[in-house]
Amino acid sequence: MTTSTPSLSELTPTGPRQVQVSDLAGVGGRRRAKNAVMTVLMGMSVAVILVVLILVLWTVVSKGWSIVVGMFPDWFTEDIQLSPRRPGPGMKAAIVGTIITTAMASAIAIPLGIAGAVYLNEYGKRGLFARILRFFTSVMAGVPSIVMGLFIYVFWVVPRGIDGLNGFSGALALACLMLPIIVRSTEEMLKLVPQNLRDASFALGATGSRTTLGIVIPNASPGIISGCLLAIARAAGETAPLIFTIGAAKQTNWNVFDGTNTSLSLQIYANAKESFATAQERAWGAALTLIVLAVLFTAAARILSARISKQS
Amino acid sequence: MNRTKKSSAIVAGILSLSLIAAACGSDEETTTTTEAAAATTTAAAADESTTTAAAAETTVAGGVETTAAPTESSTAMSADTGVAVDYAALQGDLVSSGATFPKAFYDEAIATLAEEAPDLVIEYGGGGSGKGRSDLQEKVVDFAGTDSTVKEEDFAKFTGGEFVYVPTVLAPITLSYNMAGIDELQLTPATIAAIFQLEITNWSDPLIAADNPDATLPDEAIVVARRADGSGTTDNFSKFLNAAVGPDTTGEWLLGTGSELEWPEGTQAGDGNSGVAQIISSTEGAIGYVDLSDANANGFKFAAVQNKAGNFVLPTLDATTAAAEGVEVKDDLTFFVGWADGDQAYPIAAQTWIIAYTTQDDPAKAENIRGFLTYLLTEGQELAPSIDFAPLPDELREMAMANIAKIGA
Amino acid sequence: MTLTLSDLRTKKQVGDRVFRYSTLVGGAVILIVLALIAYTISSKSSLIFRTEGLDFFTERRWAPSADKPVFGALSFIYGTAITALIAVLLAVPVSLGLALFTTQVAPKWLKKPLVTLTDTVAVVPSVVFGLWGIIYLAPKLVGFFKNLSGWFDGIPVLSSIFGTVSAGRSFLTAGLILAVMITPIITSLAREVIETCPQTDRDGALALGATRWEMITGAVMPHSVGGIVGAVMLGLGRAMGETIAAALVIGSSPTITANIFSSGDSLPSVIAFQWGEATSDEKRSALIAMGLTLFVLTLIVNFAATAVVTRAMKRMQGAS
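Residue numbers (our numbering), protein chains in the order written: chain A, 4 to 315; chain B, 7 to 415; chain C, 160 to 479.
Calculated directly from the structure, the hints in this document are not laboratory data. Hints may contain errors.
Stated by the list, open to error - Distance condition first, Cα-Cα at most 30 Å in a straight line; then the derived DSBU-like pairs of lysine-lysine:
1) Lys145(B) with Lys95(A)
2) Lys245(B) with Lys336(B)
3) Lys412(B) with Lys307(B)
4) Lys473(C) with Lys307(B)
5) Lys267(C) with Lys194(A)
6) Lys267(C) with Lys128(A)
What the hints assert, rightly or not - Sample of chain C residues facing chain A (criterion: CB under 7 Å; computed from the structure):
7) Tyr180
8) Ile189
9) Ile191
10) Leu193
11) Ala197
12) Tyr198
13) Leu257
14) Thr262
15) Val286
16) Leu367
17) Val455
18) Leu456
Yeah, the Cβ is synthetic: ideal placement off N, Cα and C, and Gly gets one too.
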């Protein structure tokens with residue numbers, strides 16, 4: 004197959020514009036075929052991911068719909084069935100458990116994380132300690148979630164015996180997961196704050212703390228909040244850190260410090276291993292609830308970060 | 007800048023509201039002082055373990071009952087043992103874990119007891135006999151379920167001191183299978199050993215055919231389902247195989263006994279009895295060992311197993327009770343009900359216990375434990391057959407009740 | 160007494176210093192927690208290393224309840240490696256295809272939805288993927304696996320890789336689920352890297368008469384290969400550490416075999432399932448040691464990945 008070299012006139016664009024693929028008239032058939040095949044393959048990758056995502060979401064929605072929405076509001080008000088073979092809705096305990104453990108974990112991780120990021124970006128910058136801190140933050144971000152759960156169990160739960168199994172222990176494990184994520188994303192957001200804002204503040208005689216608290220953080224706050232929301236969404240869906248730390252309650256327990264608890268993720272995990280259709284239905288319902296929760300938080304984060312990019 | 011501040015404020019507001027909700031935790035248990043008063047009178051009655059039904063009933067009836075349940079059901083009377091427990095007066099939490107073999111029974115008992123004792127919250131987490139024993143060792147639970155006995159060398163690990171065995175219920179271990187085309191199956195222990203050691207891998211194997219001369223067996227691969235976690239069910243199943251065809255007899259079963267065996271590569275493993283049930287129900291050609299309750303609830307077919315007397319017996323409750331007749335019970339109430347004598351005894355019957363410490367720091371907790379265990383051994387025994395568990399023989403039950411009294415004594 | 164300017168200055172300085180050190184504390188917490196993790200995990204796993212030494216890593220048998228207990232981590236290390244490998248092999252073509260399509264092929268209006276599509280996969284919690292895998296996917300795959308296995312019957316090496324199928328829970332199923340989960344990570348990072356390729360390079364290739372695909376292979380890929388390798392390694396690290404989704408579908412049956420249709424077990428999955436039963440101190444120590452192994456392995460992979468990505472990014476920024 005001969006490839007014909009395009010003539011100069013064919014190549015010369017008719018006016019000032021970008022070179023486009025269509026300008027290359029006369030490209031050899033084989034090369035064009037290869038190009039077409041490859042484009043199709045790339046398109047197929049998109050199709051694969053799209054199909055998988057739709058399949059997963061469709062399965063969750065179709066199997067979980069009747070128990071969550073169909074039996075509204077029982078799903079949200081009834082406690083978990085005491086026996087897996089009994090039919091019926093009720094995930095209140097798990098929903099409450101997810102909310103309070105995630106909230107407690109956020110209360111621990113967010114202030115610490117923002118403080119750490121402030122240090123890294125405003126004070127430490129390129130200093131030795133700051134570099135060590137950044138390094139170990141990445142290390143901590145890579146710790147497998149089950150190792151976190153193991154650590155909290157050995158270090159915190161066991162010394163407390165039976166009282167160690169409660170929402171707070173689970174929250175501690177989740178906080179360990181969230182902390183490096185929040186530090187990293189907050190630092191990125193703080194970097195984006197223009198330096199001249201800080202300089203202006205210093206010129207007016209403000210101290211570092213006044214500048215940071217009064218100017219830098221408020222300016223970066225949509226981005227910081229967005230990062231925190233993403234970390235919260237991630238923590239709400241975690242299972243492994245909670246397996247060893249919060250027990251297996253079936254009744255709603257609003258007290259995060261006392262008594263065992265459960266979470267949506269744990270309920271999905273436990274019911275996924277059951278053979279009874281009644282238990283599996285509850286698993287799908289819990290999955291639907293969890294996905295909706297995660298999507299809400301992530302969407303809020305997206306909207307916030309879209310606002311930033313609009314303003315800049 | 008204003009709009010950004012506004013949105014940040016809203017989000018911050020939502021976050022803080024949820025934080026406040028978490029911080030202001032309040033237990034949802036309602037306690038009434040009248041029930042507390044009734045509890046003390048019944049506690050006295052229970053400790054004395056009098057046999058006068060009338061006397062016990064009047065003392066309790068005197069207390070104010072604020073629950074909707076009628077007075078009769080709140081005062082459990084067991085005609086045989088005469089121990090009165092006012093279930094409605096029990097309040098508190100109990101946390102437990104352990105064997106999944108009796109879990110369906112415990113779950114149902116907890117659910118029905120909750121109707122009589124609404125202030126007592128009991129959590130049975132399952133997880134396998136191994137988990138139960140180790141949780142109790144570390145006092146992470148108030149009591150534990152186990153299908154197998156604690157090894158002597160592990161006694162020292164129980165940080166709470168001495169503990170008692172309370173047998174609760176019996177049930178057959180079925181050999182459930184999922185194979186279209188086989189409606190009835192008979193298996194000898196030798197064949198079972200060969201299947202689970204992956205010595206035969208096809209349903210049409212001559213060994214299976216020898217046990218089932220009239221059946222046409224399909225040419226399909228066998229998928230063996232067993233337990234991934236430390237399981238009393240595995241322990242009892244292996245003890246049966248060891249007693250029937252182990253090294254001391256024909257030497258066909260080589261994997262020994264224990265809650266975890268070194269299975270050959272190629273078996274499927276499930277978490278808990280329900281995990282094994284899940285494998286069987288979703289895999290064509292699977293066979294595994296599951297308690298009867300889970301097997302029936304899933305609609306499984308199961309095999310008739312040849313017993314010591316040479317008869318092929320199906321895993322029914324009657325055959326299980328037959329296996330328990332005349333079984334030798336040790337002083338601490340441990341016993342083994344598998345590979346029993348008896349014409350119609352099912353050879354893979356299994357027993358299970360609840361273990362709890364005799365020394366209890368909290369008398370209220372001890373009372374709750376005794377209350378729950380008493381329920382299991384009284385009304386629970388009547389409830390058991392409806393979910394495919396066999397009640398204990400009377401003698402054994404009485405000995406169990408005596409052990410209950412030792413808890414927190 | 161009226162406050163003089165010097166008084167104010169001191170007050171401000173004190174307050175400022177307090178603030179500065181409290182932010183330091185925030186950061187230091189990370190170091191403290193990490194040190195605690197390292198210490199706790201190492202000290203608790205020391206028991207098994209004293210008993211078995213380094214044989215722990217090479218021992219194939221896992222028999223915690225035998226008369227003479229043997230704790231061997233090899234089957235689990237193998238399982239973690241194999242599932243992660245399968246995950247990467249499956250995810251890389253799809254992620255690259257997706258990244259390239261989004262950046263090179265898609266018209267402007269399609270770019271944003273494609274990014275949202277990728278990110279939505281990342282939002283789904285891993286336990287939901289596990290649920291979907293074990294209840295929906297695994298039973299459906301059995302028939303497909305059996306057909307696949309049939310194709311390779313008789314071919315020397317491939318028939319042992321695509322061997323007998325017993326059930327839907329297998330290395331391959333776990334690898335599939337993991338592949339879905341790591342695709343967003345690889346895709347978004349690859350996208351970022353590809354987008355830093357200077358427009359001039361791309362235009363140059365096109366001007367020389369290249370088709371789009373040739374432009375991609377000629378200009379974009381050489382520029383981005385370092386970053387993409389880093390992205391893949393990050394995905395690998397994530398696949399190795401992912402616990403729940405893989406644990407539910409891998410089969411929990413420790414096996415070392417080339418057969419990808421066989422069930423097996425992996426480090427995070429055995430820890431999750433067996434942790435509850437510390438029937439002996441040695442067993443608990445062995446499980447913690449496996450956690451340590453997993454930690455170290457993911458650490459190494461993540462480090463290498465970050466190093467590769469940073470170096471590639473620096474080089475690209477230098478070039479442009």
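Hints, one by one, checked against the model:
For the hint linking Lys145(B) to Lys95(A), the alpha-carbon distance of about 28 Å falls within 30 Å, and the restraint holds. Proposed proximity of Lys245(B) and Lys336(B) is supported: the alpha carbons are some 17 Å apart, at most 30 Å. Under the criterion of a C-alpha separation no larger than 30 Å, the hint pairing Lys412(B) with Lys307(B) is inconsistent with the structure, at around 42 Å. Using a Cα cut-off of 30 Å, the hinted pair Lys473(C) and Lys307(B) is violated, with the two alpha carbons roughly 65 Å apart.
Between Lys267(C) and Lys194(A) the CA atoms are separated by roughly 29 Å; this keeps the pair inside 30 Å, and the hint holds. For the proposed pair Lys267(C) and Lys128(A), the alpha carbon gap of about 38 Å is over 30 Å, so the pair is violated. A hinted interface residue such as Tyr180(C) counts as satisfied when its beta carbon comes closer than 7 Å to some beta carbon of chain A; here the least separation is about 9 Å, so the hint is violated. Because the beta carbon of Ile189(C) sits about 6 Å from the nearest beta carbon in chain A, less than 7 Å, this interface hint is met.
A cut of 7 Å between beta carbons decides the hint on Ile191(C): the least distance to chain A is about 10 Å, and the hint is violated. The restraint placing Leu193(C) at the interface with chain A holds, with a minimum CB-CB distance near 5 Å, inside the 7 Å limit. For Ala197(C), the suggested interface contact is broken, since its CB lies about 9 Å from the closest CB of chain A, more than 7 Å. Proximity of Tyr198(C) to chain A is violated relative to the hint, the smallest CB-CB distance being about 9 Å (cut-off 7 Å).
Contact between Leu257(C) and chain A, as hinted, is supported at the beta carbon level, the nearest pair being about 5 Å apart and thus within 7 Å. The interface hint given for Thr262(C) is broken, as the beta carbon of that residue sits about 10 Å from the closest beta carbon of chain A, more than 7 Å. The interface hint given for Val286(C) is met, as the beta carbon of that residue sits about 5 Å from the closest beta carbon of chain A, less than 7 Å. Interface hint status for Leu367(C): violated, as the beta-carbon distance to the closest one in chain A is roughly 10 Å, over 7 Å.
The criterion of a C-beta within 7 Å of any C-beta in chain A is not met by Val455(C), whose closest approach is roughly 10 Å, and the hint is violated. Below 7 Å, beta-carbon pairs count as interface contacts, and Leu456(C) has none with chain A, the closest being about 9 Å; its hint is therefore violated.
Hints 3, 4, 6, 7, 9, 11, 12, 14, 16, 17, 18, counting from the list given before, are not met by this structure.
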